[in-house]
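*Asks:* Residue numbers (this note's numbering), protein chains in the order written: chain C, 1 to 164; chain W, 1 to 131; chain Y, 1 to 493; chain U, 1 to 171.
If you're looking for bench data, these hints aren't it; they were derived computationally from the structure.
Every value quoted in this text rests on a predicted model; they were computed, and no experiment measured them.
Glycine included, every Cβ here is placed at the ideal spot set by N, Cα and C.
A couple of the hints might just be wrong.
[Said to hold, decoys possible] Where chain W lies over chain U, by a calculated footprint (3+ residues, C-beta under 8 Å):
| hint | region |
| --- | --- |
| 1 | 46 to 57 |
| 2 | 64 to 71 |
| 3 | 120 to 126 |
| 4 | 131 to 137 |
[As the list claims (entries may be wrong)] Derived list of chain C stretches under chain U, where covered just means 3 residues or more per stretch with a C-beta under 8 Å from a C-beta of chain U:
| hint | region |
| --- | --- |
| 5 | 14 to 21 |
| 6 | 28 to 36 |
| 7 | 77 to 88 |
| 8 | 116 to 125 |
| 9 | 129 to 137 |
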Amino acid sequence: MRHHLVLRVVAKLLIPLIMLFALYVQFHGDYGPGGGFQAGVIFGAAFILYALIFGLDNAQKVVPSGYLMALVSAGLLLYAGVGFAAMFKGGNFLDYGVLAGDFIAGQHLGILLVELGVGITVCAVMIVIFFAFAGRGNGDEEDDDIATSPDLSPDSSPNSAREV
Amino acid sequence: MAWLGHFNYWIFVFLMMAGFYTVIARGNLIKKIVGLNIFQTSVFLLYITMGKVSGGTAPIVPEGGSEGVVYSNPIPHVLILTAIVVGVATTALGLALIVRIHEAYDTIEEDEIQDIEENANTLENSGGQAS
Amino acid sequence: MIAAHLPALQIAVPLIAAPICLLLRRENLSWAWATFISWVVFALAWVMLEKTLTGGAFNYELGGWEAPYGIEYRVDALNAFILLIVAAIGAVVMPYARASVAREIPEHKRGLFYTAYLLCLTGLLGITITGDAFNVFVFLEISSLSSYALIALGRDPKALTAAFQYLIMGTIGATFILIGIGLMYQMTGTLNMADLAKRLPAVEDTRPVLAAFAFFIVGVCLKLALFPLHLWLPNAYAYAPSVVTAFLAATATKVSIYVLYRFVFTIFGQSFSFDVIPLESILLVLSLAGIFAASIVAIFQTNVKRLLAYSSVAQIGYIMLGVALVSVAGLTASILHIFNHAIMKGALFLCMGAVYYQIGSVKIEDMNGIGKKMPFTMFAFVIAGLGLIGVPLTVGFISKWYLITAVLEKGWWPVAVLILLSSLLAVIYIWRVVEAAYFKAGDSDDVVVKEAPVSMLIPIYVLTGASVYFGIETSLPLGTAAEAAKQLMGIGG
Amino acid sequence: MHNLFAAVMLAGIYSLLMASIFVILDAVDVAFTEAAVGAGISTVLMLGTLSLTKSREKIHVRPSIIPLIVVVATGAMLLYGASGMPEFNDPNAPVHQHVAPRYINVSPVEIGVPNMVTSVLASYRGYDTLGELTVIFTAGVGVLLLLGRRRRSKKANETEDSASKEPEVST
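Whenever a hint applies, use it, and build me the whole structure from the sequences.
*Replies:* Next comes the structure, spelled out in C-alpha cells:
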C-alpha cells in the first residue's frame with residue numbers, strides 16, 4: 001500500500017473522524033443508540049484502517065503490544081472494579097446506586113464507568129485479534145508453535161508428532 | 001390470515017435451516033463458520049421480532065417527554081446485543097482455529113483433513129491393534 | 001461483609017483474577033496467582049455448601065435489583081454441591097499444572113494458558129450459580145470459548161481439528177439453548193428461573209413451549225455429550241493438554257448435566273417433562289445405548305486418553321440413567337455419580353498426564369512395563385480404575401450400588417442386569433492398560449523413565465485418596481446428593 | 001458458490017440487510033451493533049483468514065441426506081413451535097406484559113437514562129454485560145493462545161531467554 005496516495009490522504013482524514021464518532025457513540029449511549037460495545041468496535045476499526053493503509057508495523061508502533069494487553073485487561077478490571085466498589089460501599093455486587101450521593105447519580109456514574117470499561121476492552125480486543133491475524137501473514141517472525149509443524153503428512157514418521 | 005401474522009417467524013425458520021444446513025453439510029471450514037453466522041443471526045431475528053409492538057418505536061425516550069408513545073420491548077434488544085458479541089467471539093476463535101488448521105494440514109476441507117488424520121493413524125497403529 | 005456477599009465473590013473473584021493474571025507476565029507468577037485464586041474459590045465454595053446445608057437455599061440480587069427485573073443467584077444444596085465439585089477439581093489440578101504445563105505448552109503461552117484456565121473456571125461456576133436462564137447462556141459461552149482455546153493447545157495437530165469440531169458442535173448446542181430460552185421467554189415474558197417455573201405451567205401445552213423444551217434438551221445434551229451427540233468429546237479429551245483434559249473431563253460435562261437437572265426439574269417441572277413428554281423413555285434408551293456403545297468402543301482404543309474419554313461418555317450414560325428413573329433414589333444416584341465420576345476421572349486423567357510427562361505418549365503399546373518404572377502413578381491408576389469398574393470400597397461402587405437399588409425400586413430388573421454387564425466392559429478396558437503396564441515387558445534399554453515429580457503425584461493421590469475415602473465414608477456426598485435430589489423432586493427442602 | 005471470497009462478501013451483505021431489518025423492528029442498538037460487527041469486524045476477520053488460507057472451495061460430491069434430514073426435522077420442530085406463537089406486533093403478547101413494562105415505565109425515572117436499552121444493559125442486567133465483556137476478553141485470550149507468537153524483537157538473538165519469560169505474545 002506504499003503508493004496509494006489517495007488512500008493515504010483519505011485515511012488520514014477519515015481516521016480522526018472515525019475516532020471522534022466512536023467517542024460520540026461511547027458517551028451519547030445514554031441518549032441515543034450506541035454504547036461501549038459499538039464505540040469499542042468503531043474505535044478498533046479506526047486502528048484497523050490505519051493498519052491496513054500504513055502497514056502493520058506502523059500500527060504496532062502506535063499501540064505497542066504491552067500497552068494493548070494492559071488495555072485488554074483494564075476494561076474488564078474497570079467493570080469488575082465498579083462491582084467491587086459497590087460492594088465495599090455497602091451495596092450488592094454491581095449495585096451502582098450506592099456509588100454516589102443519591103441513587104440516580106450513582107446509577108449514572110456506574111453506567112458511565114462500566115460502558116467505558118466495555119469500550120476499552122472491546123476496542124483493545126478487536127485490535128489484538130486483528131493484529132494476531134495480520135501478524136500471522138508476516139513470514140518474518142519466529143515460528144515457535146510446536147503443534148503447527150506439519151508433521152502429520154502421511155509420510156512423516158509415526159511418532160514425530162508426539163515427541164516431547 | 002394467521003400465517004401472515006407469523007411471517008417473520010417463517011423467515012427465521014428458513015434462515016435457521018439454511019445456516020444450520022451449511023454448518024453440518026458443507027465440508028469447507030470457512031463455509032461452516034459462515035453458516036454458523038447465518039444460523040446465529042436467524043436467532044437474533046427471532047428475538048427482535050418478538051420484541052416488536054405494533055405502532056411502537058425504539059425504546060428511547062425522546063426529548064420533550066413521552067406522552068402516549070408506545071415503545072418496543074427493550075429486553076430482547078439487550079439479550080441480542082450480548083448474543084451478537086458472543087457470535088463475533090465465536091467467529092474470531094473459529095477463524096483462528098482455521099488458520100492454525102491450514103498451517104498444520106495445508107487444507108481447509110474437512111474430508112481431506114480426515115484423510116490425512118486417518119493416514120497418520122494407520123501409520124501410528126501399524127505396530128499395534130487397529131483402532 | 002464477606003458472608004453476605006459469598007455468592008458474588010464466588011464468581012467475581014476468579015473473574016477479576018483473569019485479567020490480573022494476564023497482566024502478571026511472568027509464568028511463575030501467573031501460575032502462583034491462578035493456584036491461589038483456585039484455592040480461594042474452593043474455600044468459598046466450601047463455606048457456601050456449609051451455609052446451604054445448615055441454613056437452606058438463599059438468593060443474591062446482583063446490582064440490588066429484585067428478582068425478575070435484575071439477575072439473581074440462587075444457591076441451594078444442588079448447585080452448592082456442583083460448585084464445590086468444580087472448585088475442588090479446579091484447585092487440586094492447579095498444583096499439578098505447573099510441571100505438566102511446563103512440558104506441554106510453549107513457554108510464551110503459559111501466562112495466557114492460566115488466564116484461560118481461570119476464565120473457564122469462572123464460566124463453569126457462573127453457569128452453576130446463576131438463577132437467570134439467559135445468564136446460563138452467557139457463562140456457558142465463557143467456559144466454552146476458553147475450553148476451545150485450551151483444547152487446541154494440545155501438541156498433536158489433531159487437537160486443532162478436535163477443538164474446531166467442538167467449537168462447531170458446542171456453538172450449535174449453545175444456539176439451540178438460546179432458541180429454547182427465547183421461546184420460553186416469548187411465552188412467559190421472564191428470564192428468571194424461579195419466575196419461569198411459576199409462569200410456565202399456565203402455558204405448558206402451547207406449541208412454543210414444547211418446541212422450547214425440545215430445543216433446550218437437544219442443546220444441553222450436545223453440551224453434556226449424551227450418546228449419540230457425543231461425537232466432539234473423544235477427540236477433544238484425547239488431544240487436549242493433560243491438565244485441560246483432567247479439568248474438563250471432571251467438570252465441564254457435569255455442569256451441563258446440572259443445567260439439565262435445573263431446567264427439567266425446577267423450571268419445566270417433572271409433570272411436564274415426564275408426563276407430557278416421555279423424556280424418561282428417551283433418556284433410558286439413549287443412556288443404555290451410550291453405556292454399551294461407548295464402553296465397547298473404549299475397549300478398542302489404543303490411545304489411553306481416548307479410551308478414558310469414551311469411558312466418560314459411558315459414565316454420562318449412568319448419570320443420565322439416574323435421571324431417567326424420575327425418583328428421589330435415582331436422582332440421588334445420579335448426583336452422587338457426578339461427584340464420584342469427577343474424582344475418578346480426574347485422577348485417571350492426571351495419571352495419564354504424568355505418564356505423558358515422562359514418556360511423551362499415552363498409547364497402550366508405549367506403556368509396556370511402565371508399572372515398574374512409574375509405580376506410584378500406575379498404582380493410583382489401578383485404584384481409580386477399580387473405582388470406574390465399581391469395586392467395593394471405592395466411590396464407583398457406591399454410585400453403582402445406589403443406581404442399581406434405584407433401578408430395582410422401579411422394578412426394572414433387566415436394566416439392573418445391563419448395568420452389571422456393562423461393568424464387565426469397564427473391567428476389560430481398564431485391564432488392557434493394567435496388562436500393558438504390569439504384565440508386558442518394556443524395552444529395558446529404553447530411555448530411563450522415572451517416576452513423575454512429587455508436585456504431580458500429590459494431586460493424583462489427593463484424588464485417588466478421595467476416591468477411596470468417599471467410598472467408605474459416604475455421609476458428605478450422599479447426604480448432600482439426597483438433599484439435592486429431594487429438592488429437585490419437590491419433596492421437602 | 002465455490003468462490004469463498006464471494007461467499008464472505010455475501011455474508012457481510014446479509015448482515016447489513018439484517019441490520020436494516022432490525023432498524024425496522026425498532027432495535028436500533030442491535031442494528032448498530034450488527035452493522036459494526038456482522039458486516040464490519042466479522043467480514044474483515046474472514047477476509048484475513050481467506051488471505052491466510054485458500055479462497056476457493058473444493059467441489060465435492062458429498063452424500064448429504066443425513067444433514068438434510070436433521071435440518072428438516074429441526075425446521076419442522078420450529079415451524080410447529082412458531083405456529084403457536086403470539087402474532088407479530090401483538091401488544092398483548094406475554095413478553096410485553098411481564099417485566100418489560102417496568103423497564104419501559106419506570107427505568108427512565110428510576111435511573112434517569114432515556115435509552116432503556118442502555119439502562120437495562122448496564123444496570124438491571126449489568127451482570128450479563130459483565131459476562132459479555134468476559135466473553136470478548138476470552139475471545140482475545142483465545143485468539144492470542146492460538147495465533148499469538150513470541151514477541152518479535154529486533155534483538156531476538158541475544159534476548160531469547162529474557163523475551164521468552166514474558167508471557168504476553170501479541171502480534
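*Asks:* Next step is simple, just say for each hint if it's right about the structure.
*Replies:* Hint check:
With a threshold of 8 Å between beta carbons, the proposed coverage of the region 46 to 57 of chain U by chain W holds, since 8 of its residues qualify and at least three are required. Closer than 8 Å: that is the beta-carbon criterion, and the region 64 to 71 of chain U has 5 residues meeting it against chain W, so the requirement of 3 holds. For the region 120 to 126 of chain U, the stated coverage by chain W is satisfied: 3 residues place a CB nearer than 8 Å to a CB of that chain, which reaches the threshold of 3. Residue count for the region 131 to 137 of chain U with a Cβ under 8 Å from a Cβ of chain W: 4. That meets the three needed, and the coverage hint holds.
Coverage of the region 14 to 21 of chain C by chain U is violated. Counting CB-CB distances below 8 Å, 0 residues qualify, and the rule asks for three or more. Only when three residues or more bring their CB closer than 8 Å to a CB of chain U does the claim for the region 28 to 36 of chain C stand; here the count is 7, and the claim holds. Coverage of a stretch by a chain is defined here by at least three residues with a beta carbon nearer than 8 Å to that chain's beta carbons; for the region 77 to 88 of chain C and chain U the count is 3, and the condition holds. Three residues within the 8 Å Cβ limit are the bar, and the region 116 to 125 of chain C against chain U gives 6, so the coverage statement holds.
Three residues within the 8 Å Cβ limit are the bar, and the region 129 to 137 of chain C against chain U gives 9, so the coverage statement holds.
When the structure is compared with the earlier hints, a violation turns up for hint 5 alone.
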